Structures are given as structure tokens and as C-alpha cells.
Amino acid sequence: MIATHINRPGTLSWFAGHEFSLFWRDFMRMMSAGKPGRERRVYIAIFTAAALLHLLAYGMLRPALEAGIVADKTSFVVITGTMALIFSLMMSQALEMVTRVFYARSDLDLILSSPTSIKRLFAVRVGTIAVSTTMLSLLIFAPAINVLVWFDGPQWLAGYPLLFCLGFVVTSLSLAITIALFNTVGAKRTRTIAQIVAAIVGASFIIGIQLAAISSIGSISRIEFFTSTQVQELVPNMDSFVWLPARALMGEVSSIALMTIGSLGIIAVSIRVFSDKFGERVLAASSFSGATTVQKSHTSLFKRRSVNAHLRHKEWRLLLRDHWLISQTLMQILYLLPPAFMLWQGFGGAGVLDVVVVPVLVMATGQLAGGLAWLAISGEDAPDLVSTAPIAPSAIVRAKVEAVLGAIFMVTSPILMVLFYMDVRLALIATTHILIAAASATLVQLWFKTQAERSNFRRRQTSSKVATFAEAFSSILWAGTAGLVAVGSWFAVIPALLAITVLLIARSFRSRES
Amino acid sequence: MKKALSVRGLFKTFDRPAVNDLNLEVRAGEFYALLGPNGAGKTTSLRMVSGLLDPDAGSISIFDIDTKKDPIAAKAITAWVSDEPMIYDRLTPFEYLDFVAGLWNIPPEQARVKSTELLEWLQLAPHGHERCEGFSKGMRQKVALAGALVHDPKLIILDEPLTGLDAGSARLVKDVLQKRVADGCTVIMTTHILEVAERMADRIGVIADGRLIAEGTLDELSKAAGDNGGNLEEIFLSLVAESSDQIADAA
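The listed protein sequences correspond, in order, to chains A and B.
The first sequence runs 1 to 514 under this note's numbering.
The second sequence runs 1 to 251 under this note's numbering.
Since the hints were derived computationally from the structure, they do not count as laboratory data.
There are no misleading hints in this set.
Heads up, simulated DSSO-like pairs for lysine-lysine below, C-alpha to C-alpha not over 30 Å straight-line:
(1) B:Lys137 with A:Lys188
(2) A:Lys303 with B:Lys114
(3) B:Lys223 with B:Lys3
(4) B:Lys154 with A:Lys303
(5) B:Lys114 with A:Lys296
(6) B:Lys69 with B:Lys3
(7) A:Lys296 with B:Lys137
(8) B:Lys114 with B:Lys137
(9) B:Lys154 with B:Lys179
(10) B:Lys2 with B:Lys154
(11) A:Lys449 with B:Lys69
(12) B:Lys3 with B:Lys154
(13) B:Lys137 with B:Lys179
(14) A:Lys449 with B:Lys68
(15) A:Lys465 with A:Lys449
(16) B:Lys114 with B:Lys179
(17) B:Lys154 with B:Lys137
(18) B:Lys137 with B:Lys174
(19) B:Lys174 with B:Lys154
(20) B:Lys223 with B:Lys2
(21) B:Lys69 with B:Lys2
(22) B:Lys2 with B:Lys179
(23) B:Lys68 with B:Lys2
(24) B:Lys137 with A:Lys449
Please read these numbers as outputs of a predicted model, since none were measured by experiment.
In isolation and in its complexed conformation, chain A is listed as follows (with noise of 0.2 Å):
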């Protein structure tokens, strides 16, 4: 009797019901990159990372857990710092999935045009955003509660609850700038704009921490820029209310229960204030897809090309043109900030510019074109059209490579011009690897080319595991060789030939898949 009730069509936990099971098909799809019957294996997949990641967070907070964890100004800094990190990724993701609700057009036709209630349907979307961020955020962020309960005692448990009030915080804070958005610039540009947001809150907070902590203490690290003299003089005192999270991740109960509550109130109102023009907010989304936009320069068409220049034209010009493209891609270009700033800052002749510029530049672009790579060769919106053009195929690979170079090439090259200007030597190493890198995460690319849609591009990764570990680790392993070949170590060669077995690895996959 009671099941018949909670499952009646058009309730709230039936709506809930619904939702979770699509996240949850949703996600196995993600995991499993879109292949039946390979669920064992994602749950195998899982219990190894999370493993894995248990280790990685032991071995980063040994030596805090060693000195003994206690509730003074420093660790507040360091929680408070760690947790605002956390809340900016949360906040890239909720702003991201809230923008789905209005535009994705999936299920909202059918659920719109029925006889159920169109604020209950709001009322449970935006708490799946706020459960989704906050479990996805648990993924990465658990393994650390875990060790500092095993370690440290229970009272580091607050920190499962904490995250859930984030996800309420961050989803309403989400809301609200998505809303705020339709109201000033309207339906049309909302989704753009709210998307790039989205990817530069994700790496603001990290970015402006690094450039912080450059200027004043002349390292890059966040730990020594939060225990450092100048910020602890900086930060009020241990009685301030800034302190309040560090305070409830510590076990203090009746800071937890203040940000239970807070958070709650702040997701129960936003949902009330905010689901009276779900509807016409929706349908204001779905409208403006008939909009047009005109080019007005019209100079460059009809011009003597060859056809690489041609197809070339044509990846840049669609990469110019998608503004929410260019923001997830200029994600990885945002960390080129920190070592940028460090050249401007004149920190060269401190053994900075090797140890860390070099490496940091080289594994930046090596996945700027990882992604470049992605987008022109799977990417592709017209495949049929280019695959029955009369070129052969290593020509249009050719001129797919030919163009994410170039795009590697704007990006880098007036960091590499200083550098030229510093310190040749250095700037010959960093070009080479930076060309070794960006070689390196196209050949995966072209190992792994599928067929998607470009705006699948935060997808890619789920097309293959392989691919996608391949990837990162060779433009780190190839950051390393940058950064050993730079000091002049021959222990370069350890990570060099590392890299060479990776990518060995990964064509190894490949040829086993097709």
C-alpha cells in the first residue's frame, strides 16, 4: 500500500524515481562508454580507482596526519582554502547541469505538454543537480574523509554531510546566475554565457590561488601559499564566521547543524522562488533555437585554396565560432596563466622557468591538442561529406593535423617568444617537447577516432579509457622529460621512454579494437 503511494504517476518521489534512474543509466552509459554488457567491468573500474585514489589521499595528508591535525588559524586556512576549491569545481558542474534543464529537449516536451505539475517536475530537477554535484564531488573528494576518519577519528564524518550543503549552496547559487542571466541578456545568449562561466569558475579559483601565491611568496603551491606568514596575517580571527565550514568539517555540531540548515533554506527557497516561470523559461529556451545569426563579412569566400587549406579554413573558422567550444578549451589554456604570470613576474633566473614553466607549458598543450585533435578529427558534423569528397583520407588527416598545430601554434607561441627572449636554450627544449606532446595526443586521437557530434566534446573522454589515460599521461610523462631535459638531468630518459611505451600501449589497444 505504502509502495503504491510513493510510486503513484506525477508524485514528487515518482518524478525522483525517474530522474534517478536516468542519471543512473546516464552515468553507467558515461562509464561504460556507451557499451552493453560491460557493467561488471565499470564496477571493477570503480572499486580499483576509488582504491587507488584512497592511496593518493593517504599519501597527500600523511604528513599533516603525522603533525597532528588541530583546530588552529592555519588549519583553518587550509580547510576553508581546500573547501573553496571544492565548492568552485561543484559550482562549474551544477551551473553546467542547471542550463540542461532549460535547454535539453529530451523529455521536457512530453513532460510539459502533460496534465502534472510543472514545479514539482523543477522541484526534483534542481535536487538532482544538487545530489548529482555532490555525488560526483564524493567521488573525488571521499577517499580524503575516509583516510582522515581511519586516521584522525570520526568527527572528519561532517565532511559527507558538508559536501551535500555545498551541492544545495552551489545549485541554488547556480540557479540563481542562470536565472539572472534570462532576465538581462535573454534566452538566446543564457546557455552560452552560463557555460563559459561554468569553465572558467572551474579553474578560477585554483588559477588565482597559483597567481596569488606567486606574487607574494614566489612558489606556486597552494599548501605554502595558505600556511605562509603574509596570509595568516591577512585572514581574521579563530571567532570569525568565515571559519564556519572549517569549523563543522572539524566535528563542531552545532556548526554542522547551522549549515544543514542554512543550506536547506537556501535550496528550499530558491526552488519556490524560481519554479513560478520554469515553464516560460523553458519555452523561451526552445524558441530561440529558430533564431538567426548573419555573417556579415563575406570577403573570404569563394577564394583560390588548396583543399588542405580549404578543410583547414574550416576547422578554425567552426572552432572561432562556437563560443562554448572555445571556453572548454580554453580551460586548459587557463592554466598557462600561473607560468605566464611567473615569466612577467621575472622569476627566470631562480630555476623556476625549468622546473616549472617548461613542464607545465608542455603538459598544457599536450592537452590543448588533445582536445584540438578531437574536435577536428572525431568531431566532425559533416563526416559523410568529407569521407565521399575525392581526397584520400591521409590528406584530410593531414590537414586535420595541419590545423590543430596551427591552433597550438597562436596559442603558445607568445610564451614562447619570451621565453626565446630569456633564455634560448630553455625555449628550444620547451618548443620540441611541445611539438613531441601535441604529436603525441593527435596520434592517440587518430588511434581513437569515433564519430560524435562536437557538442560531445566534455564527452570524449567516455569514447575510450584507453584513450583518454594515454592522453594525459603521455603529456605528463612528456612534461617531465621537458622538465629533466631542462636541468639538464639524464634521468630524462626514464620518463621519455615511458612515454613511448604508453603510446606502444595504447596503438596496441587500438589495433585490438578494430
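Since chain A is already given, all that's left is putting chain B on it; use the hints.
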């Protein structure tokens, strides 16, 4: 008569055989309609002809050019239009046609004139400099069709080109295709709209379970179906049912 397309012993298997010993000939300057129930192998066959899929076995020649030996020469005289128009949302129709002309190496001056003509003909000229992202399905299909025509192909292959088009757009597409055939171009089209095949096609091929089960003019198909004097719908259903019975008996 010269052959525009010659397919011999074509096979393609995915989870199950999709194309099973297909033999097909289309004459130059002919409007050929390929009919068949869902999953019969029409799209797979035409994707192999267009060079989008490699056959497991068999040979394909387009105007006597073996597509395996010289795929580039075969592609240079062929155009493919799929049922879901694949165009670039962030390009305008003019930019799209400029890109297509570049791929087929058409001189820019010729491409400019041709593109303007085509967009006017397809009533897309007022939208020529608007990005395709806001276009309806019909407009997108017309842009894709313009892309197929901008390089003056000798053989145009269309997979369900009229699906989802309104009456006006469908009429326009049909007129464009008929004009092309009148100018000597060969058109091969799959469709589920039997009236279109009945009215437009010189010859009709019926495919079921990956094989060509009947082919000819409407009269020839009628005779093959037992000369019951019915329309194409009755003939088609009769032929497909007969083929299914034969397969069931053989099994």
C-alpha cells in the same frame, strides 16, 4: 546503353547479413528508385556505393571506374545526400558551398556563380549568409542538396531525401532532381513514399533481405508480381511478401 552504376556480388555483414549478394545496374541518365522495407539493406548498399563503407565482397563501378581501384576518380563524379542532412551549423549556406567546392576542387569563380544559382533555385538566397544553426529540417536538406549539386556530379545518390520535408520543399527537391535527370545526370534515390517512385522513376528496384528481388519499370514490376493490375504499393507489398515467404520456406 552506358552504365552509370554496376554492382556485382556485393556482401556486407554487421551482426547479421545486411547486404547479401546484391547485383544492380543503373543506366546513365536514368532516375532509379530503390525501394524496400526497413532494414532491407538499401542504405548500407548505397553507403558502399558512395565509398562510406567498405564491402566485405563484391565490386562496384561508377561510369566504369572501379571504386576500389580508383576511389578518388569515382568520388569526383558522385554526390551523396543522406536522410539526415549533415551540414555545419556554424557555417552559412554560402560558406558551406564554398567548402564543398573546395573539396571537389571547383574553380572559385565557377563555384561562386553555381552557388548563387543553386541557392536562388532552392529559394535559400535570402538566407545565404545566415548560419545554418537556426534552419528547419527542410532548409538543411536543401543546403545539403545544393552541396551535392555544386560540383555537377554525374551520379547523385540520395537516401530518403524527402523525409520530413513539407509539401513545398518536397516539390522543389523533386523538381531539382527531375531537371538534373533531364540534363543527363543519373539519380538513384531510396524512398518509402511509393507515389514519388511511381511518378518520378524510370525504373524501380525492390530490395529485401539484402538482395534485389525485383527490378524494372512499373509495368515490368506489375508482371513480376502476378499482373494483378494494382498500383505500386500493392505490387511492392506483394513482392516483399513473396520474398519473405521464400526465405521462410528456405529456412
